[in-house]
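**Q** Chain by chain, the residues:
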Amino acid sequence: MTELERALVLLGSELDFPAEPDLYSRVRERIERRRRARRALLVAVALIVVAFGIALAVPDARSSILRFFHIGSATVERVHTLPPARERPLAAGLGPVRSRHDAEARSGIPLVLSGVTPTRYYAQPGLIATLLEYRGKPVLLAEMGGDQAGITKKFVTPETRVEPAEIGANSLWIEGGKHVLIWQAGLATFQRVTRLAGNVLLWVEGDRTFRLEGDLTKGQMLKLARDITR
Amino acid sequence: MVGRPLDESDLIGRAQRGDTHAYEELVTAYQGIAFRTAYVIARNAADAEEAAQDGFVKAWRALGRFRPGAPFRPWLLQIVANEARNRRRSAGRREHLAVRAATEEPSGGAAPSPEAALLTAETREALLAAVNELPDDQREVISLRYFLGLSEHEVAQALDLPEGTVKSRTSRALERLRESYD
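Protein sequences, first through last, are from chains A and B. Here the numbering used here is used: the first residue of the first sequence is 1, the next is one more, and so on. Here the numbering used here is used: the first residue of the second sequence is 1001, the next is one more, and so on.
Just chain A, same shape as in the assembly (with noise of 0.2 Å):
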């Protein structure tokens, strides 16, 4: 170190610096007011995450809030009042019962089903279903691929609910009241089969959209659609 060196080192001794402030207290009060206010905002989010749920749950508020969905292949739409439709059987309109290797022929599309043995397979270009039978009941399971086949979805609130299910890349379950379900199947001989539905869990997984109908609870819907997949 030169003498200069040495001599600011000096100077820098004898400087009058303004009085050091007590920064703490400030400081603290600043990051207690963020954590306040952060959780605050925490807060905030929650309830309006509960405040939807509730409104989902509530048929005549969710009828303001869902008005039409797309999820995957299907078409789920709230409406003033339903086309004409009657009971129908769950496979009504799928054509032909075929066996497994000329369903996944005729669709297009390899079936995606363990756990559970189906009894009869019905097949439309892009769109392939199964009946089976769990818990002693019938259930339809449709699968549907690329954009030949679709299905709309018809409801009238306060009837039915609609609510999002823990399942699949985006998910439905539609539950109540009548509801009306249109298969549309063969983009170049265009079919429309209308028939009342019953509960149905709709979701997506990859570039597959999933149905599954019967008369099951959420819970139990929810369990064979995750045993179907696994």
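Treat the hints as calculated values from the structure; they're not laboratory data. Just so you know, not all the hints are guaranteed correct.
Unchecked claim - Pulled a few chain B residues facing chain A out of the computed Cβ check, cut under 10 Å:
#1 LEU1011
#2 GLY1013
#3 THR1028
#4 ALA1034
#5 VAL1040
#6 VAL1057
#7 ARG1061
#8 ARG1065
#9 PRO1071
#10 ASN1082
#11 ARG1124
#12 LEU1128
#13 ILE1142
#14 LEU1161
#15 ARG1178
#16 TYR1181
This structure is a prediction, so every number in the text was calculated from the model and none was measured. Glycine residues also receive a C-beta, built at the ideal position from the N, C-alpha and C atoms.
Guided by the hints, dock chain B onto chain A, whose structure is given.
**A** Structure of chain B alone, referenced to chain A:
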């Protein structure tokens, strides 16, 4: 120089987990050097206090990104220095003589050390005047390096400069000061 707590890494670890008491100890340990660093740059006591305060709050928020084992002081001073620079740029109320010589007696009224006594009042005033006349970039380097006792590496980090730039600025500043000192 400000001493470092022996268990600094432990305090930082606890503060990173949200322990405000641990952070209080860090603030207490470094508030002096943080305030003076801000003062050297902002040249205004009120701005320096705000800059140091904001620096500590921002450092608290950024603690999650602090690399374990790295020295805390230069990391903190970089945040504080940045806050001070922002205030200096925006406030436009720099005090011309913000760094002032003390009275004839050293701070606190203690008797001057034999070494300090060698620095005559005239020399002290001339040297301080010369420091105050330096361009900002050179004055900051000199102040942090010699008045506040930061290492060259710490000065570089605090001012967000390469060490080579700090060396060259220091060299140029010393050259100018030598003219007044000799």
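**Q** Next step is simple, just say for each hint if it's right about the structure.
**A** Here's how the hints hold up against the structure:
no.	hint	result
1	LEU1011	violated, 13 Å
2	GLY1013	violated, 17 Å
3	THR1028	holds, 6 Å
4	ALA1034	holds, 8 Å
5	VAL1040	holds, 9 Å
6	VAL1057	holds, 5 Å
7	ARG1061	holds, 8 Å
8	ARG1065	violated, 17 Å
9	PRO1071	violated, 20 Å
10	ASN1082	violated, 17 Å
11	ARG1124	holds, 6 Å
12	LEU1128	holds, 6 Å
13	ILE1142	holds, 7 Å
14	LEU1161	violated, 19 Å
15	ARG1178	holds, 6 Å
16	TYR1181	holds, 5 Å
The structure is inconsistent with the numbered hints 1, 2, 8, 9, 10 and 14, although it conforms to all the rest.
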